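**Q** Residue-level listing of the chains:
2 protein chains.
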Amino acid sequence: MTELILPLQRLVEQFRSLPGIGSKTALRLALAVLDMSEERVEEFAGALLDVKRNVRECARCHNIAEGELCAVCGDEGRDAGLICVVEDVRSLMSFERTREYKGLYHVLGGTISPLDGRGPEKLHIDDLVARVESGGVREVIIATGSDVEGETTAMYIARKIKPYGVKVSRLAYGIPVGSDLEYADAQTLTRALEGRREVEA
Amino acid sequence: MTELILPLQRLVEQFRSLPGIGSKTALRLALAVLDMSEERVEEFAGALLDVKRNVRECARCHNIAEGELCAVCGDEGRDAGLICVVEDVRSLMSFERTREYKGLYHVLGGTISPLDGRGPEKLHIDDLVARVESGGVREVIIATGSDVEGETTAMYIARKIKPYGVKVSRLAYGIPVGSDLEYADAQTLTRALEGRREVEA
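Heads up: the sequence lines are chains A and B, in that order. Residues 1 to 201 (our numbering) are what the first sequence spells out, left to right. Residues 1 to 201 (our numbering) are what the second sequence spells out, left to right.
It should be emphasised that the hints constitute simulated quantities derived from the structure, not laboratory data. Here the structure is a predicted model, which is why all the values come from computation and not from measurement. It is possible that part of the hints are untrue.
Since copy identity is lost for identical chains, a pair holds within one copy or between any two.
Lysine to aspartate or glutamate pairs mimicking EDC-like chemistry, simulated, CA-CA at most 16 Å apart [stated by the list, open to error]:
(1) Lys24 <-> Glu96
(2) Lys122 <-> Glu182
(3) Lys160 <-> Glu66
(4) Lys167 <-> Asp50
(5) Lys122 <-> Asp35
(6) Lys122 <-> Glu149
(7) Lys160 <-> Glu121
(8) Lys24 <-> Asp88
(9) Lys160 <-> Glu139
(10) Lys160 <-> Asp126
(11) Lys24 <-> Asp79
Could you build the full structure based on these sequences and the hints that come with them?
**A** Set out below in structure tokens:
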């Protein structure tokens with residue numbers, strides 16, 4: 001019985017299909033489910049189905065939403081003149097956690113990556129352009145990653161929306177706050193030097 | 001919207017209740033579920049319910065089983081005179097992976113740990129004693145861990161079953177195969193010295 005019994009094997013495969021979960025972890029999780037009460041497992045299964053059935057995409061920015069618009073787009077107190085373009089919902093959540101950003105978002109759903117067959121038409125770029133075109137937008141912050149795909153995507157978007165006369169910006173790169181210089185890689189340090197600011201005293 | 005919308009929050013909590021899954025991983029997994037097709041999510045939910053409903057405990061050794069007995073206990077080719085006592089099903093699977101062990105098992109369901117309020121009565125010890133008592137058992141290998149709880153449990157079980165005249169053994173401790181001496185801790189090295197074997201040449 002080196003093979004798992006079928007119901008367990010099926011559950012292990014389900015867990016293993018999740019990102020970052022290997023075979024050992026998948027087995028550990030599946031065995032943990034076996035140890036749960038039937039009521040707990042029903043709750044878990046219910047939560048899975050519920051999330052898929054009751055969570056949708058914001059019609060404007062593609063953030064997750066319960067209704068037509070997400071909580072950010074539905075909040076009249078946010079600055080509609082500022083759009084922060086992110087790769088995915090997790091990046092959006094990171095910005096929200098700062099509690100400092102008061103503008104709106106636009107979730108691309110990834111980056112341009114010709115090698116993986118992901119051209120710009122697979123991302124929510126057209127409707128970002130439409131949002132800018134419809135007016136009222138002052139600045140677009142492109143917060144895609146600093147890897148090749150992220151930079152390529154940022155460049156592509158910048159070229160598409162600059163003609164509409166909006167300011168287009170990228171995040172600042174530099175030393176993480178609280179981090180020791182010793183641990184900064186050469187590229188980060190170079191960017192930190194390039195972006196140095198004069199001390200006002 | 002620093003708070004997650006409710007259906008997502010519920011799913012994050014479900015994932016977070018699994019062993020070894022923190023808040024960040026739970027969020028990552030929940031968002032991955034959002035990205036799955038509805039069909040895939042239904043499969044996942046089905047696998048969860050299925051494992052709980054169709055997997056049970058072997059009536060003899062408490063391994064996981066589809067029927068009355070597990071695949072090991074139901075295999076007539078195994079040596080019924082040898083029982084390997086393990087803490088949990090994962091340990092049993094590790095032994096099965098060696099493809100060398102041909103005896104049966106007994107899954108305790110944990111270790112004795114007075115501090116956590118786990119006395120011997122919470123483990124499947126009584127029916128291990130009953131198996132030994134009913135005869136036909138030659139040797140019991142107690143493969144609980146080498147931590148205090150594991151050693152205490154091994155000692156407790158040894159005292160319970162020795163009166164029936166069976167051989168009781170523990171696994172050998174020593175240097176892991178392929179590992180450098182440099183990385184062996186003092187305790188392991190001491191055990192390896194104690195357990196040294198004469199070279200036959």
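**Q** Give a verdict on every hint.
**A** Going through the hints against the structure:
1. Lys24 <-> Glu96: Classified as between; 15 Å across copies, 34 Å inside a copy.
2. Lys122 <-> Glu182: This pair counts as neither: shortest intra-copy Cα distance 40 Å, inter-copy 52 Å.
3. Lys160 <-> Glu66: neither (30 Å within a copy, 59 Å between copies)
4. Lys167 <-> Asp50: neither (40 Å within a copy, 54 Å between copies)
5. Lys122 <-> Asp35: between (42 Å within a copy, 15 Å between copies)
6. Lys122 <-> Glu149: within (14 Å within a copy, 55 Å between copies)
7. Lys160 <-> Glu121: within (13 Å within a copy, 71 Å between copies)
8. Lys24 <-> Asp88: Classified as between; 15 Å across copies, 28 Å inside a copy.
9. Lys160 <-> Glu139: within (14 Å within a copy, 76 Å between copies)
10. Lys160 <-> Asp126: within (9 Å within a copy, 74 Å between copies)
11. Lys24 <-> Asp79: neither (46 Å within a copy, 28 Å between copies)
Comparing the model with each numbered hint stated earlier shows that hints 2, 3, 4 and 11 do not hold.
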